[in-house]
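Work out the full structure, taking the sequences as your base and the hints as a guide.
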Amino acid sequence: MSRNAILLVVILAGTLAGQSKNYTPPRTPDGQPDLQGVWTNVTITPLERPANLAGKEFFTAAEARQYEKETVERNNADRRDGGAQADLGRAYNDAWYDRGTKVVDTLRTSLVVDPPDGRIPRVAAQGALVGPGGFGRPPEGPEDRSLPERCILWPTAGPPMLPSFYNNNYQIVQAPGYVMILVEMIHDARIIPIDSRPHVDSKVRQWMGDSRGHWEGNTLVVETTNFNDKTRFQRSGANMHLVERFTRTAPDTVTYEFTVTDPSAFTRPWSAQIPMKRTDGPIIEYACNEGNYAMEGMLAGARADEKKAASK
Amino acid sequence: MRKGFVTMLGLAGLLMAAAPAWAHHAFAAEFDAQKPVKLRGTVAKVEFINPHSWIHIDVKEADGKVTRWMVEGGSPNALFRRGVTKDALPQGTEISVDGYQAKDGSNRANGRDITFADGKKLFVGGSNPDEQPGK
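Sequences listed follow chains A and B, in order. All residue numbers for the first sequence refer to this note's numbering, where the first residue is 1 and numbers rise by one. All residue numbers for the second sequence refer to this note's numbering, where the first residue is 1 and numbers rise by one.
To be clear, the hints were calculated from the coordinates, so they are not data collected in a lab. It is possible that part of the hints are untrue.
Said to hold, decoys possible - Here are the simulated lysine to aspartate or glutamate pairs, EDC-like style, with alpha carbons at most 20 Å apart: (1) A/LYS312 / B/ASP104; (2) B/LYS121 / A/ASP78; (3) A/LYS69 / A/ASP105; (4) B/LYS45 / A/GLU290; (5) B/LYS120 / A/ASP78; (6) B/LYS121 / A/ASP81; (7) B/LYS35 / A/GLU296.
These numbers come from a predicted model, not from an experiment.
Next up, the structure:
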């Protein structure tokens, strides 16, 4: 596709979606651009461009419909093909899921917009993470299971925030001097001071890092550092430096962009763009620990596996 | 060109290494793929809770003995947003469960495919475009 044709697709997609960086958002009572409401970032556009779409930055409208059709079919948890392990892996009926059915309005083929190849520029030669919690042994206790299984942090809850397979909902509330982002998975509220105070001491490390915000025109810019070393966002952790940008680009859209920098995990900074669409919600409390019977089930499963191995 | 692209996408569907992620936790850690079970029973209790819902059913064995099973579903939040309520599955409703039994042999299974006794789907589908929030 020629550069002109690509430009045309971009312009058309932007116009059709009615989104514009020049859109003038409503104001809060204290005069800030109003980002408040319940928003969803659900989409089937992949974070990274699949290998078979290499060199193709945008779908045509027809290609997008075809991709949506095939992806929804592949994601359908009601299918039973692929053998018992795959069948069990799909867990339960499709009705419980909410993966979305549409690609993003821009028709981009990846959420990653920079580098232009749509791929995360990972540093090479890193070993695979082992085991569910990265421990390489059967889980002896809850600490050996992964963070989401322990109801501690959902991998896409962020920051940065990415779509997952259900409950992709966020509520933004603004008060003078603060913005709060409530993430449905796993009921995390990030409270972001909007002033010039410095980050907390570098010795203080937090699951969702330490966020500071400021306004650049109509865009809320949030800088986050001080992550702990237990999170693994795309293999980044304590060294991650994150800048998020929230811009109301239409009455029903907040365009969410983020840039990740971590020389220990990436060869260069990379950026993604995801539209957050207004939704009626509601956000429903995801009280995770209280009902996590599965933790007992998984540990009992590990003990049963050991018993079976010992009796052989 | 378009036809070639569509074929390419079709192939990608088959070859896609990046299989979609499923569920809040690894079901293979909890249930045994080599122990498929088919259960038919009546609903005793429904727990619409996170991270996953549990449907308790009473299953009558051939000898008349009744055994209580716990059947694991998914997060109820998306169902609630589609209008499903706790009254959707009243006590006594007869359902069929196709799933895999817990590795430790207890009477737990995942609700891989749950239907009403007449074979109708329990809840509406998750991929219905008309039900997508923010459409």
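Cross-check of the supplied hints:
no.: 1; hint: A/LYS312 / B/ASP104; result: holds (16 Å)
no.: 2; hint: B/LYS121 / A/ASP78; result: holds (10 Å)
no.: 3; hint: A/LYS69 / A/ASP105; result: holds (16 Å)
no.: 4; hint: B/LYS45 / A/GLU290; result: holds (17 Å)
no.: 5; hint: B/LYS120 / A/ASP78; result: holds (13 Å)
no.: 6; hint: B/LYS121 / A/ASP81; result: holds (18 Å)
no.: 7; hint: B/LYS35 / A/GLU296; result: holds (19 Å)
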